[in-house]
Amino acid sequence: MVGVRLEQARFSPAMFWRMPSTLISRAFKDPQDIWKPVNNGIKSYLEKMDSMEKEVKGAPGMARLVQHAIAEFEPLMERRFSAVFMTSIVNEMLVNYFIRKAVGKESADEIKSRVLRALPFRTALQNQAIAKLAQIAASSGEESIKFKGALKGVLEEYGSRPARGMIIMPSISTLREEPEVVLGLVRALLDDPASLDWEEAMRTQETDYLDARSKVENALGQRARGWFRTNLDRVRNGEVVREESLFMIEKMIAYIRHASLRLGELLVEKSFLEKTDDVFFLFMSELQSVADGTLDAQKLVNKRKQAFARVYASHERGQHWMIATSSIPQPKQKTNKKSRSSKLGNGFSYAGMSASRGEVEGTVCVVKGPEEFSKLRKGDILVAPYTAPVWTPLFRIAAAVVTEIGSPTCHAAIVAREYGIPAVVAVHDITRILKDGQRVLVDGTNGTVSIINLGDPN
Amino acid sequence: MTIYIRFLEELNEDSLPQAGGKGANLGVLINAQLPVPPGFTIITEAYRAHLDSSGLRDKISQRLKNVNAQDLESVTIASREISTWIEEAPMPEEIKDEIVNAYIKLAERMAASDTGTTRLQVAVRSSATAEDLPSASFAGQQETFLGVYGTEALLQHTKKCWASLWTSQAVSYRSSMNFEHLKVELAVVVQAMVSADAAGVMFTANPVSGSREEILISASYGLGETVVSGAVTPDTFIVSKKGAIKQRILGTKEHRILLVEGGIKTEQVPPVDRGKYCLTDANIAELVSLANRVQAHYGSPQDTEWALAKGTIYLLQARPITTMDPVNGNNPESLELLWTRRGEPSMIQDVIEHSPEPLTPLDMAVFCIGDRAFQKAALTGIMGLSAPKKFTK
Numbered sequence: 043m044v045g046v047r048l049e050q051a052r053f054s055p056a057m058f059w060r061m062p063s064t065l066i067s068r069a070f071k072d073p074q075d076i077w078k079p080v081n082n083g084i085k086s087y088l089e090k091m092d093s094m095e096k097e098v099k100g101a102p103g104m105a106r107l108v109q110h111a112i113a114e115f116e117p118l119m120e121r122r123f124s125a126v127f128m129t130s131i132v133n134e135m136l137v138n139y140f141i142r143k144a145v146g147k148e149s150a151d152e153i154k155s156r157v158l159r160a161l162p163f164r165t166a167l168q169n170q171a172i173a174k175l176a177q178i179a180a181s182s183g184e185e186s187i188k189f190k191g192a193l194k195g196v197l198e199e200y201g202s203r204p205a206r207g208m209i210i211m212p213s214i215s216t217l218r219e220e221p222e223v224v225l226g227l228v229r230a231l232l233d234d235p236a237s238l239d240w241e242e243a244m245r246t247q248e249t250d251y252l253d254a255r256s257k258v259e260n261a262l263g264q265r266a267r268g269w270f271r272t273n274l275d276r277v278r279n280g281e282v283v284r285e286e287s288l289f290m291i292e293k294m295i296a297y298i299r300h301a302s303l304r305l306g307e308l309l310v311e312k313s314f315l316e317k318t319d320d321v322f323f324l325f326m327s328e329l330q331s332v333a334d335g336t337l338d339a340q341k342l343v344n345k346r347k348q349a350f351a352r353v354y355a356s357h358e359r360g361q362h363w364m365i366a367t368s369s370i371p372q373p374k375q376k377t378n379k380k381s382r383s384s385k386l387g388n389g390f391s392y393a394g395m396s397a398s399r400g401e402v403e404g405t406v407c408v409v410k411g412p413e414e415f416s417k418l419r420k421g422d423i424l425v426a427p428y429t430a431p432v433w434t435p436l437f438r439i440a441a442a443v444v445t446e447i448g449s450p451t452c453h454a455a456i457v458a459r460e461y462g463i464p465a466v467v468a469v470h471d472i473t474r475i476l477k478d479g480q481r482v483l484v485d486g487t488n489g490t491v492s493i494i495n496l497g498d499p500n
Numbered sequence: 004m005t006i007y008i009r010f011l012e013e014l015n016e017d018s019l020p021q022a023g024g025k026g027a028n029l030g031v032l033i034n035a036q037l038p039v040p041p042g043f044t045i046i047t048e049a050y051r052a053h054l055d056s057s058g059l060r061d062k063i064s065q066r067l068k069n070v071n072a073q074d075l076e077s078v079t080i081a082s083r084e085i086s087t088w089i090e091e092a093p094m095p096e097e098i099k100d101e102i103v104n105a106y107i108k109l110a111e112r113m114a115a116s117d118t119g120t121t122r123l124q125v126a127v128r129s130s131a132t133a134e135d136l137p138s139a140s141f142a143g144q145q146e147t148f149l150g151v152y153g154t155e156a157l158l159q160h161t162k163k164c165w166a167s168l169w170t171s172q173a174v175s176y177r178s179s180m181n182f183e184h185l186k187v188e189l190a191v192v193v194q195a196m197v198s199a200d201a202a203g204v205m206f207t208a209n210p211v212s213g214s215r216e217e218i219l220i221s222a223s224y225g226l227g228e229t230v231v232s233g234a235v236t237p238d239t240f241i242v243s244k245k246g247a248i249k250q251r252i253l254g255t256k257e258h259r260i261l262l263v264e265g266g267i268k269t270e271q272v273p274p275v276d277r278g279k280y281c282l283t284d285a286n287i288a289e290l291v292s293l294a295n296r297v298q299a300h301y302g303s304p305q306d307t308e309w310a311l312a313k314g315t316i317y318l319l320q321a322r323p324i325t326t327m328d329p330v331n332g333n334n335p336e337s338l339e340l341l342w343t344r345r346g347e348p349s350m351i352q353d354v355i356e357h358s359p360e361p362l363t364p365l366d367m368a369v370f371c372i373g374d375r376a377f378q379k380a381a382l383t384g385i386m387g388l389s390a391p392k393k394f395t396k
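Residue numbers (this note's numbering), protein chains in the order written: chain A, 43 to 500; chain B, 4 to 396.
Hints are computed from structural coordinates only; laboratory data are not their basis. Be a bit skeptical, because a hint or two may be false.
Unchecked claim - FRET-style restraints, in silico, Cβ to Cβ: (1) A:K345 with B:K245: 49 to 59 Å; (2) B:E84 with A:T405: 20 to 30 Å; (3) A:A355 with B:Q250: 15 to 25 Å; (4) A:T405 with B:K245: 43 to 53 Å; (5) B:R251 with A:K90: 53 to 63 Å; (6) B:E84 with A:E199: 29 to 39 Å.
Model, not experiment: these values are computed from the prediction. From the three backbone atoms N, C-alpha and C, an ideal C-beta is built for every residue, glycine too.
Chain B on its own, in the form it takes in the complex (with noise of 0.2 Å):
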């Protein structure tokens, strides 16, 4: 038994406590028997085990005392120094052997696998205790390292994470909200890599029409980075509960992260690719069978991240959609779709900015008063067109 680290099989809903919000939910989903890369977690007590060891932990709280919440600048300085001394600050020789044996352990699964890994590289993410709270993203707790290669590294990304918490806003943060510093703390999701040939989002329900009987996949060559952060237009799907492919459109793709020996880099995807869809049908077929398992495992739809590498599809995400309507889906998918905002005419887009923001029955009134008042003024009056046939109401 270890006492630093915990395998993704070993976490569940309870976890959130030692492993984060990002490690239990990934217990969850192994468990589930979901293809989710392996992984582990570097639990909370490692982190604070690390401050306790080095003396940080006073070091901090002194140095916190000096800080003047209200002065951005002696801030970012004390900042600064405390992410510098959680990083150059030794770590205690047990947890690096945890840490190393994790590793080790998780290289011999994956080269055991089908995947064939000799090399394998890893993200390391924080992975909050405080995810729960709709403002802990600001707080600071949002690291990610991908392709992450050897165990030195791993250990140097691992205090990397850990610092993230002294960022200069989450530090001003927490202040803000009178958080004791000290008591927030942080696990480190450390999970293989797969090299993703594809990848992307999916939405086991469609989230812009409502509808619970479409699922809308987006993907894009390489790791799915280019698409979560929305630097690349990517591929959209929209396919039925049942496999039907309903819509494609084809998005220009224009760069590929891609894993490589020693890291990750970023290139240009080749013209002839950028023409076709990333996407097979039998992909896609594939990807609906897992989030109809995905949401029958969760019972209401999901927002996932997945990855193709090597004709497998991959499981590395997943949470609720927090924008669904609670009722079955029936958004205004009645309604004409008349254009998407892509490439509209400018004419038309003035036309907007006259009324931004949804109109109500009687806004509705006085705008075809409106209209109809310039219709009447400027096309029939100034520019000689013939009146229409009828004005609408």
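Extracted from the complex, chain A is given alone in its bound form (with noise of 0.2 Å):
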């Protein structure tokens, strides 16, 4: 584990009047209107920058403007923390304490995941686009003219995003550049006819959470319905803002991407460097004198690579890199850790953290990354190092989702619940311990995945 610490914020006296005063006035205010500036601030960033970029003359030029490009990000990346941070908090406060009023405290929980579902968010849209494109790929295959616009039409919406890993780095490519990855999430669609019709999950989806929600409002009085009305409608609208803000970061991100390999084609134009994605190893304080040639660069770059690909190849062997910012408070850890493997005889069994609730049994599929998403089949148990909103259409086809790095909050998390699949995770170690082939009962109730049956290890 190779971290990074970072300087943190402290206690002050203002925090006893500041976070009741704020969350008191959120509660109050419907989380979509408070995005809704924060959006259009950055749709204009992103058309300002296209036409800066249009007047961008040589190395220098380009190099003020990604400076310029990632110093803008700033203001918006801190109104976005303003809108999206603990909204709904009181909210959703509120909403548990009806549902526990209305149907008991014994299936509050249930019910509250399922008034959850359905949500209009945007990975369950682009989850959508891309089930609707494995319909075509099955109706009219994929060298149909049909499917090709129908990709572009994805890739179009969606391909600023990730194409691994989430946001926060240009150094990774996006969907655009790798049409592959959603191609491989077709076929992996594909392998289950009943996932292609999207409609039909969507309506089970949406009955599921009316349901819920017509339980809890009839059991309430009519004053109380309303109130809790309002306060669901603004805890879903909170979940679906802080989505949505992600991907319009995604879109900056990409911005600063693009920019910064233009830069790179410059650079590589001029001999100051060899490979275009060199310049994601110089610091933001060296590219303007790398661009101006006052500084050599490739020195630099290539020690900066061959240091980063030892951190990478320790990162594969399970050694993850990460950043402390140490700015969350970090509770203890609430996980069940009660072992299974005494009920289950010679199995052996492993803790994690409790994501989603269910119990299942299934076959392990073990998938490392996105250039394995074709492996998994209808009905895996999917074993990963971490997921991100590229990985859940998955979600789709899988019985349960089991990860190392990961809390319930995380979007393997949330995307597990809202498809109503088991999902444990944290659990250490879990994809090198797991083999494809070996049958697991994945318990997201209590957080712990058991070895049933070792299989064929081949």
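Bring the two chains, given one by one in their own frames, into a single complex with the hints.
Shown next as structure tokens:
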């Protein structure tokens, strides 16, 4: 594990009044309304950058543009965090209260997860678009003009999303640059004809959600019902907005990537660099001097690339790189580490964190990265080092998800709950422990994965 | 001179076509006077003769003509039939005699040795001749049977190893790679098993930190299979090449596989033993000296399997560490290790998910700016914390 620790904010007495007052004022606003101006701000950022780029000539100008794009990114990120951080917390507390009041403590958790289903958030829409694409592949074939047109449409809409990992990393290529990742997803979906019927799936989700919602509403008095409705809508909007804001950040990062690569090309033309994407191995403070020709970059870049290759190699061996911002409170994890091994005779059991409830038995399919997407078969247990938005169409055909990294609030968890499949996250080293073909029992409620049958080692 | 059997001492690195990778490698180790349990190899000629004597070769090639490699079901059915034929066909008498004689000779040697074993149990493993192919494991040549006792069982498991060439995965793999099915051959390694009190894996360099001055030992109770397959969390020891123990991490060691009469059994480790390290300082010292000998013999860091039985250390396997840097170990050791992934707080995990891959310098710039924006907006703006003294650039 390699880490970098960043400076952190400290305690101050102001938090006693600022946080409660923010929370209370937030409770009366719809997250959509708070988000909208920021969304517009990001749109005009993208337009402005495009028009500025047209004026740029030569590497020094491009270096200035990259720096400008990164500098302008900061205030928008600030506005995004202001808009999204801790929104709808009070609303959620109220929703929880009403649900408990309406259906009792025992079924509250289950109802809660159901009233948050069928959310029209960005990743769900993207997954629908990919399912539609798979439908076309099934009916007309991947070589058809219809499919190619539809693929182009998906890439236009979602092409700024990173092909691996999540946001914040301009060095990661986008879906537009790696359409194979989308094709991999399409092929995985083709294995399960039922998954192609996304309208049906959507309808089921929708019914499930409306059913749970009316169950709560019917049990409440008229005034409470009104409160519940407003607050639930705000919580749902809050989730949608959070996801949408990530999507917009990805667009900004994709622009920064695009501009950096343009700079890289210009530097290669001048023979200051050997390869376009060597530019990602420069620090921001060096960009200008390299573009001006006053700093010989290639030697530095080569040395850094070597070091990076070593870090990357250990990452592949399971020593993940991370950045500890220390900026977030770190509650002790609450997991139920009850081992099930005794129950299963000779089986081995591994504990992680519960991320989506339910219990299912299935065959392991270890997917280490986007290049292995098409390996997954219907009903397999998806075992992955981590997941990101681009992975989530796989959740439609997987019977359960197990990840090495993650928390109950991570993407894998959110989408697994959305699709109603069990998920266990943060299971140490699980992609190396489990082998394709083994039978395992995933207990999403208690956060454990148990090997039932060691399977055929081949 | 036997036709179908080679004792491990008779093998060296040139024996690969006859004895397979595993067999040849054990030959090299035993000839280097390393403490390898004795054994023998049933060479590829035996597999060939088995197919020829019972007319199986023609039967198989006929059967394969009717298999559609694209159709998994037809492959599965054919694979099952062929495996059954191989297991049921009578083994040629001369091969049988040689195997039985070799087994008896091995038993005599073990009884005469200081282990004093009277009931010889062996491990029967397939040893592929195609191990230099990166995908050989996928070709289905990985069968291992532990705790095999008696000549009948040995003959049966030998045939089972041969049959492992015909699993459905192996058949479809060879079809897709256009390998000729009947040209791929297999040797079988038969090796005396030591009744391990503890066993595990030892790297003669630390593949985690990259340091060549360190040895990394993983150890658990019973046979080493639990450690190799990752089925238990073993004890871990990091030791310097000079023998100083730098770090001990107690593993949970939930289960152990023991050699018992007539086979193996898996059982829970008593809680008292789970709370103790399974190796003493003297054991570790002995392992260090073994590590130094193995590495000196090969001249490069090795990944070894070992077992400890009645106070004696045995070497079961050695192969080069593939993930080691070619240059002298200087992995990012100098960078601070903040935490391992075990039991980290959930919030931290959210942060990793934002950067699940290593960052380049320019990524770092963008990440730091994002973090700064978060601090300003969320922590100072919303939560009312005071701003950090300085923001990291």
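How the hints compare with the structure:
1. Between K345 (chain A) and K245 (chain B) the CB atoms are about 32 Å apart, so this pair departs from the stated range of 49 to 59 Å.
2. A hinted range of 20 to 30 Å holds for the C-beta pair E84 (chain B) and T405 (chain A), which are about 24 Å apart.
3. Between A355 (chain A) and Q250 (chain B), the C-beta spacing of about 22 Å keeps the proposed range 15 to 25 Å intact.
4. At about 48 Å, the CB distance of T405 (chain A) to K245 (chain B) agrees with the hint of 43 to 53 Å.
5. Between R251 (chain B) and K90 (chain A) the C-beta distance comes to about 59 Å, which sits within the given range of 53 to 63 Å.
6. A hinted range of 29 to 39 Å is violated for the C-beta pair E84 (chain B) and E199 (chain A), which are about 52 Å apart.
When the structure is compared with the earlier hints, violations turn up for hints 1 and 6 and for no others.
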